[in-house]
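Novice: Next come the chains, spelled out residue by residue.
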Amino acid sequence: MTTVETPVGASKTMVLNMGPQHPSTHGVLRVLLELDGENVVSAVPDLGYLHTGIEKSCEDKTYSQAITLTDRIDYLNPLGNNLVYCLAVEKLLDLQVPKRAQYIRVMLVELQRISSHLVWLGTHALDMGAMSVMLYCFREREEILKIFERFTGQRMMTSFIRIGGLALQPPAGWREMVKRFLDMMPARIDEYESLLTENRIWQGRLKGVGYLSAETLINLSTTGPGLRAAGVAYDNRKAFPYSSYEEFDFNVPTRTESDCFARYLVRVAEMRESLKIVRQAMDKITDQGDFKADAPGIVPPEREKMKTEMEALIYHFKIFTEGFSPPPGEAFATVESPRGELGCFVASDGSPKPLRVHFRGPSFINLQALPDMVKGQLIADTVACIGTIDIVLGEVDR
Amino acid sequence: MTQLANANANVVVEQLKAWNAQAVSQVIGHRGETTIVVPRELLRMAAQQCRDNPALKFNLLSDVTCVDRFPIEPRFELNYQLVSLERRDRVRLRTSVSAEHPVVDSLVAVWAGANWLEREVFDLFGIQFEGHPDLRRILLPDGFEGYPLRRDFPVEGKR
Chain A
1 MTTVETPVGA SKTMVLNMGP QHPSTHGVLR VLLELDGENV VSAVPDLGYL
51 HTGIEKSCED KTYSQAITLT DRIDYLNPLG NNLVYCLAVE KLLDLQVPKR
101 AQYIRVMLVE LQRISSHLVW LGTHALDMGA MSVMLYCFRE REEILKIFER
151 FTGQRMMTSF IRIGGLALQP PAGWREMVKR FLDMMPARID EYESLLTENR
201 IWQGRLKGVG YLSAETLINL STTGPGLRAA GVAYDNRKAF PYSSYEEFDF
251 NVPTRTESDC FARYLVRVAE MRESLKIVRQ AMDKITDQGD FKADAPGIVP
301 PEREKMKTEM EALIYHFKIF TEGFSPPPGE AFATVESPRG ELGCFVASDG
351 SPKPLRVHFR GPSFINLQAL PDMVKGQLIA DTVACIGTID IVLGEVDR
Chain B
1 MTQLANANAN VVVEQLKAWN AQAVSQVIGH RGETTIVVPR ELLRMAAQQC
51 RDNPALKFNL LSDVTCVDRF PIEPRFELNY QLVSLERRDR VRLRTSVSAE
101 HPVVDSLVAV WAGANWLERE VFDLFGIQFE GHPDLRRILL PDGFEGYPLR
151 RDFPVEGKR
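From first to last, the protein sequence lines stand for chains A and B. Per this note's numbering, the very first residue in the first sequence carries number 1; after that it's consecutive. Per this note's numbering, the very first residue in the second sequence carries number 1; after that it's consecutive.
Hints listed in this document are in silico derivations from the structure and should not be mistaken for laboratory results. Each residue gets a CB set at the ideal place from its N, CA and C atoms; glycine is no exception. Be a bit skeptical, because a hint or two may be false.
To be verified - If you want the footprint, here are the derived chain B segments under chain A, 3+ residues with CB under 8 Å:
| hint | stretch |
| --- | --- |
| 1 | 35-42 |
| 2 | 50-61 |
| 3 | 86-99 |
Please build the complete structure, drawing on both the sequences and the hints.
Specialist: Set out below in structure tokens:
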């Protein structure tokens, strides 16, 4: 049983249980708070309420079947999860993805980043009491979900990024949809900033709260906006570029104060940078071209070919029944998720099912910093800190 | 991945060998990634070297994973993903432990972030991390029996 021991005689402190059912833990997170009045003496997170054994389940599926499981890990970033898993498997296979497919991947993943930050901002503001921001953020997010639905058929659990490319060609009329979103969005972000950035209450709740030095954060393996708000400009898209990110022109926003307010500013700036990337990607994507690699036996053939050519039919059959077998070895791919460094470690033993799939979830690892972040602060600050780390429990627990 | 990830791989191998020739039992280069196999007893010191050596500066421990190679011995293969933020470099340290004695040194003293990562490996595989300040289950309920991610544990679970 996860407990906090209070020494006999030290009756000043009280242990308060926060969660797993709680409006501000952003999911099923349980935190045991040892309190001295309103001040937090220690905070002990208790995890596992959303543990569904995704990594174990992946071992029982073929490599392509496992993609549908990856959507559900960080459920605010399904395309990012798909991408990191596919990058790892493509590495194992030494499979090159056509440029056009890479650009579409980048565009979709950046739209996903914006939608994830919108949820973060909406829920964080809601926790702090700025309730109307929540509805504004979700209104914009609806537009992104509509774009995903047009592309993939799904609003959230898209499974659109597949091994070797994408599941389908971009749909007719996608350019108009994305352009309309890009034209509308900058003014909306300005709107959120006008409500929050100069707001005395917002600043009062967040400035100086949850400070941790860059050195402590690196030591605790924190990555993502939390680390960038401490002045460390580490972003996988720039440091270890993947999926053609080296061809895009964008900045990595950083701050130095390393408190909740700095992390807010970093994430809002990241939304603006993502809009830039989406616009560039839209210009790079040609109307005609490949959306997946030409790798018979690994990447399924076009449906028309499968219905008319014998070879294609056989490849299709083999891929969807037995699956393909990458050569034995291991690969570790990383992407920059909205929460930090999202990694996928895949080990192959030469069989059609992976030997081991492991996800380096930034939410899980960043949450480790919570006890240090809240020590000595108020309970209300605990809510701010949990929000500022930006956790998704699916990724914490898997 | 990119050329960057592998270009400096030799630096790591060189430096580790120069520090202690026995620290590097094997070097695997596959798909642009470098894996350095380290004997179990030298893991903690090698990790410390990777962090403190000014030519290496692996200050971020990105991930700790375990692969169960059952029925091959040594059964459990531990993989440590390291990142050097300053040098923009990655490397993987690997060590293996047997089924009868699945014990390895904890790296919490080297990188504080190893705390939860090692707890997860303990929880799901049953590897004992010597020197870990708080080695207990993290994802599964405290009373859970067994180590589910081992290959001999059924995916449907035990009743």
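Novice: Using C-beta distances, would you say chain A covers the stretch 86-99 of chain B, given that this needs three or more residues below 8 Å?
Specialist: Check passed, 3 qualifying residues.
Novice: Checking C-beta pairs, does the stretch 35-42 of chain B have three or more residues closer than 8 Å to chain A?
Specialist: Since three or more residues must qualify, the claim that chain A covers the stretch 35-42 of chain B is violated, with 1 doing so at under 8 Å.
Novice: Closer than 8 Å Cβ to Cβ for three or more residues is the test here. Does the stretch 50-61 of chain B pass it with chain A?
Specialist: That given contact holds, which follows from 3 residues of the stretch 50-61 of chain B lying within Cβ reach (below 8 Å) of chain A.
The structure shown violates just one earlier hint, number 1.
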